[in-house]
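Take a look at the letters that make up each chain.
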Amino acid sequence: MRTLLLLVGITMSVEMTMAQTAKETIARVNQHFAKVKDYAADIAMNFQIPGVNIEPISGKVYYKTPDKFRVKTKGIVFLPKQNPYYALAMLKDTNAYTAILSGNEKTGNSNCAIINVIPNSETDLILGKFWIDNARGVVMKSQLTTKSNGTIMVENRYGNMLTYALPDKIVFTVDMTKFKVPKAVAVDLNSKSKKSNNESNKGTGTIELQFSNYALNKQLKDEVFTQE
Amino acid sequence: MFNLIGIELFKIITKPRSYLGFLAITLIILLIQFAFYIDGKQYLDFVFQSLQNSFQIEGNVMNGSLICFIILQMLIVQMPLLIALVTGDLVSGEAASGTIRMLLSKPYSRSQILWAKYIAGSIYTFALIAWLGILALGLGLLIFGNGDLVVLKSDELVILRADDVLWRFLTAFFVAFLSLSMVTTFSLMLSCFTDNSITPIVASMSVIIIFTIIGTLDVPLFDKIKPALFTTHMIIWRNLFDNPLPMEQIIQSLSVIVLHIAVFLSIAFWHFNRKDIQN
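Those sequence lines, one after another, are chains A and B.
Under my numbering, the residues of the first sequence are numbered 1 to 228, in order.
Under my numbering, the residues of the second sequence are numbered 1 to 279, in order.
Heads up, a few of these hints could be off.
[Claimed, not checked] Rough simulated footprint, nothing fancy, chain A against chain B, three-plus residues with beta-carbon under 8 Å:
1) 44 to 50
2) 53 to 65
3) 68 to 79
4) 150 to 159
Everything labelled a hint here was simulated from the structure, so no lab data went into it.
Glycine included, C-beta positions come from ideal geometry on N, C-alpha and C.
Start from the sequences and build out the full structure, keeping to the hints where you can.
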């Protein structure tokens, strides 16, 4: 009995320590990002979406805490359904989730702690997995499993805005169903069907967002984020 | 010669059936634009359904360029029929009504008369295409605004930036004019062979309908026949909206179209110059 109690005690204390370490790591990320109230930046977007032939486009991007995000371009763009700071905004409230350190991994040149985050209440996010650079305290990669969107992989590359945890480049990889509509709907009656016996209709789409010329904390007005 | 062309144009203008094409085009375009103005969002939601599950699509998708592209997809198939209706009896109509003898007694050669008829037919074709362009693109842009063009295909979307669209439409209209000129020449050629005004019109329409059906059917049996059908090359205007442009395919189809025009015209002139006028 004493041995059993001892084992349970050790397990609980290990888990609490891991949770503590995980939350401490997340707190460092939050510290960096807390310096950002709003920003405006230039954005260049590149798309690799199966079945969609779309050229890169550039424009302006605006962000304001807690969750206002807007990309303004002159043309049509495909954006991830969640804004790029969706995960960071969620990590802010450390009481809203359970964080577990599940290991370490090298991502690029960074030694990262892998932290799993499970929300305590019912949200769109089912599970978040974050690769956090131990030395710099920034999220290098995250994998978000959501109810509405399946799995989304987000990879961040940092440059001179590292101290604010603002990446120079974000790459979203999204699970998707390949584009297909009936010929009659597309009024594409004369096209020839492509042979696709073994081809799956599932795929992954990638959106690259390249940020530059950040203008931080300029007290952006809410009107910037309203749809025109 | 200009005088002769003027006379031929006057003959086309005074025929009520010449306005059928303009009327049909106007009605169809206005109907499509009205339908998209009311229910376009639902249509696009259905088209983008699979993508909207994964992405948020931002920008003015339903714009004048998209509506114009959809109209062209629908109408270009029908337009040869409207053209044949007028150009199919350019010669045979005269034979049927008995005015061809009087026409040939004028101080012009038979070739000049046929050229005048062909040029008048081509001007009619051009006017029809120009009207299509004004209504489909001009009115479309006025109602729905400008923006990137989403080229709808059954298994692909090609998104062309707004500043890359106008020249494609203008070239597409020119290619459509060339394609329809082929129909003009074809029906004119048939018209030279008969003294009955209905036969070349119906024959032209029948050939176009049969060829179009064969071209539309996605059956392997027809795959080898399709490149030989002139209607297959008439839809090459759509390739102008591909990115990158399939130049080889476009040049090949345009060559086929020009070759057909030359062959049909040569046959028409050869026969008309030797034709025994009996009416």
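* **Structure-inconsistent hints, enumerated in ascending order** => none
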